[in-house]
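J.: These protein sequences, in sequence, are chains A and B. Numbering-wise, my numbering comes out as the position in the first sequence, counting from 1, plus 103. Numbering-wise, my numbering comes out as the position in the second sequence, counting from 1, plus 100.
Derived by calculation from the structure, the hints in this document are not laboratory data. There may be inaccurate statements among the hints.
[Stated by the list, open to error] To spell it out: a stretch of chain A is covered by chain B in this simulated footprint if at least three of its residues, at any positions, have a beta carbon under 8 Å from a beta carbon of chain B; those stretches are: (1) 124 to 135; (2) 411 to 423.
[Stated by the list, open to error] Examples of chain A residues toward chain B, derived with CB under 7 Å: (3) Ile-141; (4) Ala-247; (5) Gly-249; (6) Asp-314; (7) Gly-362.
[Claimed, not checked] Below are the EDC-like pairs computed for lysine to aspartate or glutamate, each with C-alpha atoms no more than 20 Å apart in a straight line: (8) B/Lys-211 / A/Glu-213; (9) B/Lys-207 / A/Asp-315; (10) B/Lys-343 / A/Asp-372; (11) B/Lys-211 / B/Glu-245; (12) B/Lys-207 / A/Asp-398; (13) B/Lys-343 / A/Asp-210; (14) B/Lys-207 / A/Glu-229; (15) B/Lys-207 / A/Glu-290; (16) B/Lys-207 / B/Glu-245; (17) B/Lys-343 / A/Glu-465; (18) B/Lys-343 / A/Asp-335; (19) A/Lys-439 / A/Glu-465; (20) A/Lys-215 / B/Asp-180; (21) B/Lys-207 / A/Glu-429; (22) B/Lys-211 / A/Glu-429; (23) B/Lys-207 / A/Asp-372; (24) B/Lys-207 / A/Asp-334; (25) A/Lys-439 / A/Glu-451; (26) A/Lys-339 / A/Asp-398; (27) B/Lys-207 / A/Glu-285; (28) A/Lys-184 / A/Asp-334; (29) A/Lys-215 / B/Glu-147; (30) B/Lys-343 / A/Glu-342; (31) A/Lys-339 / B/Asp-180.
Heads up, the beta-carbon is just placed ideally off N, CA and C, and yes, glycines get one too.
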Amino acid sequence: MKLHEYQAKGVFADAGIPVPDSTLASTVDGAVEAAEEIGYPVAIKAQVQVGGRGKAGGIELVDDATEAREAAESILGMDLKGLYVDRVLVEAAVDFTNELYVGVTMDRAEGKPVAMVSTRGGVNIEEVAAEDPDAIVREHIDPAFGLHPYQARKAVFDAGIDRDVAIDAASILTQLYELWEEKDATEIEVNPLMVTGDGEVIAADAVMNIDDDALFRQPDLAGMEEEAAEDDLEAKANEYGFDYVRLSGNTGIIGNGAGLVMTTLDLVDYYGGSPANFLDIGGGAKAERVTNALDMVFSDENVDSVVFNIFGGITRGDEVAKGINEALEQFEEIPKPVVVRLAGTNAEEGMEILNTDLVTVEKTLEEAVQRAVSYAEGGDQ
Amino acid sequence: MSILVDNDTRVVVQGITGGEGKFHAGQMIEYGTNVVAGAVPGRGGQEVAGVPVYDTVDRAAREEDANASVVFVPPAFATDAIFEALDAPLDLVVAITEGVPQQDMAKVYRKLRGTDTHLIGPNCPGLITPGETKLGILPGNIFSEGNVGFVSRSGTLTYQVVDNLTQRGIGQTSAVGIGGDPIIGTDFIDVLELYEADPETEAIVMCGEIGGEDEEDAAAYIGEHMDTPVVGFIAGRTAPPGKRMGHAGAIVSGSGTGTAESKIDALNAAGVSVGDTPNQVADYVEDLL
């Protein structure tokens, strides 16, 4: 789960990491009122989870109430890289002399967290990493001991951060690692960490991704999940407990197991179609879950056909068939054509139960995908 | 021949009194696996699926001479169960559990490096040596004995591709599902190395997916160290950046690392043919044998 900037900054502030004064607003009047209260200049920042908000017109710096109103009017309701902006963060502008980068992420290959520091903050750090890897200092962390204070100091000094602010930057890095551990983060990043004329450091942006698999022990963060969802269908998927990703095509896809569902998406593309979604019903799904999955995909207005591909291991073909029947028998007319392919555990039992008046059955994955793609293009049923 | 497991593997099922543990202990026994004990704290002295249950893995291993375990313990307790198996110590631990927190796995991984134990998973379907034994939840009936070594990050994709092979009469020496999490105990290279050393494995199928750089690292390893031919498959060509595709590890980063394209290019450069479809993977394997 990726937190919004305002959520991450709330977590930072609670942990004692300095952040600028700010207020969240969802109306133009609310944004102007917040700006007046904070005092100009302020930054008005779109709260959507996408990089490069500034360049896309989602962040504006304003000096008075007229400018604040204009900025809030243009940002609230805008489409920012495909995401609808319904909230802005109104934040005191920081008078900075320097922009740094500090963060902690998981190094998958090493199987351990790594702290990262750079003097080249304020720009896309992944681009910096690609162009000039030496501009980022990396310090691996032993998960049994955590980040030793000397490691934080070593990282900031090696990165070449000015001696006047180095110790403060190191202590922020230490606090970030403590948060990382306490909140089960997978990524935590301050970019930029601004240095002011008075030699203070302040977190002007905040990125925090939380391990979905650890939300069971992070009740405070789990409560933020719904607010963090970007799309109504994705929110619905959270409710049903599906792994779901919405895409822009018109062939809906349901299957069991992440690798096989991804492969089904790839085959839709390979046979000239365009996938509408990724939906994994998981292992051992019962009939009700299957019904919910069809409900999800039918709710996507872009979908013109559905391919339902199950290779049963712990998932049983008869349960899947029961769920498909239950989902479809409630309709007088099937909303979108459904192609079913069942293989593996109890596939034969499933085929006996499946109401073949309501669906098209194919024997192989390849045939099922080709059929669904043809239906999506308006082919004969 | 085979890798990691055979008729001599003696298995403790951790979490055998739970629904999944009990069901799959039965399935494993039916397949021919030597399941010799269960381990569940507080349930010692009971009998489940026809085998004795002990309170600790240590006791189960000592009393029943076990050398491997399969973990069916819920995510919140799974890492403790893995530590218990590592400390027993067992030679092989197979963690089926899905949803183990990443930071817990980082601690397990650190411990694992100082041991001689092989950990498969977590979030994996397990492994099988067809005709001898299976540890995990793989449906035994789709596998057949033969000369192709199989390794995959995904469960049901394994079933799909293995089925494509078996339908054409191409059997497997062993098949290993290494798991789809960002941090796993055994990676592609570990398994490729074992197949390379196995005289009966004549070809290898490796199924990867988007996220991380394990496939790229494996490609470099194949290019430098392997004589056994490898056929590849990569899932997630159509995955958008920044979205987790089911598996915690299956995510293309915002900067574009971990893409299917980068993995396919790396494999091709190492002389590995990569199938566009599972069926094409079987075509390539057929050509090799």
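J.: Look at each hint and say if it fits the structure.
T.: Status of each hint after checking the structure:
Check result for the stretch 124 to 135 of chain A against chain B: violated, 0 residues qualifying (beta carbon to beta carbon below 8 Å, three or more required). Closer than 8 Å: that is the beta-carbon criterion, and the stretch 411 to 423 of chain A has 4 residues meeting it against chain B, so the requirement of 3 holds. About 30 Å separates the beta-carbon of A/Ile-141 from the nearest beta-carbon of chain B, more than 7 Å, and the hint is not met. Using the Cβ-Cβ criterion of 7 Å, the hint placing A/Ala-247 at the interface with chain B is satisfied: the shortest such distance is roughly 6 Å.
With its C-beta approaching chain B no nearer than about 11 Å, A/Gly-249 sits outside the 7 Å limit, and its interface hint is violated. The interface hint given for A/Asp-314 is met, as the beta carbon of that residue sits about 5 Å from the closest beta carbon of chain B, less than 7 Å. The interface hint given for A/Gly-362 is met, as the beta carbon of that residue sits about 2 Å from the closest beta carbon of chain B, less than 7 Å. At roughly 13 Å between alpha-carbon atoms, B/Lys-211 and A/Glu-213 fall within 20 Å of each other, so this suggested pair holds.
For the proposed pair B/Lys-207 and A/Asp-315, the alpha carbon gap of about 18 Å is at most 20 Å, so the pair holds. At roughly 18 Å between alpha-carbon atoms, B/Lys-343 and A/Asp-372 fall within 20 Å of each other, so this suggested pair holds. Our distance criterion of 20 Å between C-alpha atoms is broken by B/Lys-211 and B/Glu-245, whose separation comes to about 35 Å. Between the alpha carbons of B/Lys-207 and A/Asp-398 the distance comes to roughly 40 Å, so the proposed pair goes past 20 Å and is violated.
With a C-alpha separation of about 18 Å, the suggested pairing of B/Lys-343 with A/Asp-210 holds against the 20 Å cut-off. The hinted pair formed by B/Lys-207 and A/Glu-229 fails the criterion: a straight-line CA distance of about 27 Å is larger than 20 Å. The suggested pairing of B/Lys-207 with A/Glu-290 holds, with an alpha-carbon distance near 17 Å, which does not exceed 20 Å. Taking the CA atoms of B/Lys-207 and B/Glu-245, the gap is near 37 Å; set against the 20 Å cutoff, the hint is violated.
Proposed proximity of B/Lys-343 and A/Glu-465 is contradicted: the alpha carbons are some 30 Å apart, above 20 Å. Between B/Lys-343 and A/Asp-335 the CA atoms are separated by roughly 16 Å; this keeps the pair inside 20 Å, and the hint holds. With a C-alpha separation of about 17 Å, the suggested pairing of A/Lys-439 with A/Glu-465 holds against the 20 Å cut-off. The straight-line distance between the Cα atoms of A/Lys-215 and B/Asp-180 is roughly 18 Å, inside the 20 Å bound, and the hint therefore holds.
Between B/Lys-207 and A/Glu-429 the alpha-carbon distance is near 45 Å, which puts this suggested pair outside the 20 Å criterion. Under the criterion of a C-alpha separation no larger than 20 Å, the hint pairing B/Lys-211 with A/Glu-429 is inconsistent with the structure, at around 48 Å. Taking the CA atoms of B/Lys-207 and A/Asp-372, the gap is about 40 Å. The hint is violated against a cut of 20 Å. Proximity of B/Lys-207 to A/Asp-334 is assessed by CA-CA distance (about 35 Å); at most 20 Å being required, the pair is judged violated.
A C-alpha spacing of about 25 Å is found between A/Lys-439 and A/Glu-451, which places the hinted pair above 20 Å, so the restraint is violated. A C-alpha spacing of about 10 Å is found between A/Lys-339 and A/Asp-398, which places the hinted pair at or below 20 Å, so the restraint holds. Under the criterion of a C-alpha separation no larger than 20 Å, the hint pairing B/Lys-207 with A/Glu-285 is consistent with the structure, at around 15 Å. At most 20 Å may separate the alpha-carbon atoms for a hinted pair to count; A/Lys-184 and A/Asp-334 meet this at roughly 13 Å.
Proposed proximity of A/Lys-215 and B/Glu-147 is contradicted: the alpha carbons are some 40 Å apart, above 20 Å. Between B/Lys-343 and A/Glu-342 the CA atoms are separated by roughly 18 Å; this keeps the pair inside 20 Å, and the hint holds. With a C-alpha separation of about 34 Å, the suggested pairing of A/Lys-339 with B/Asp-180 is violated against the 20 Å cut-off.
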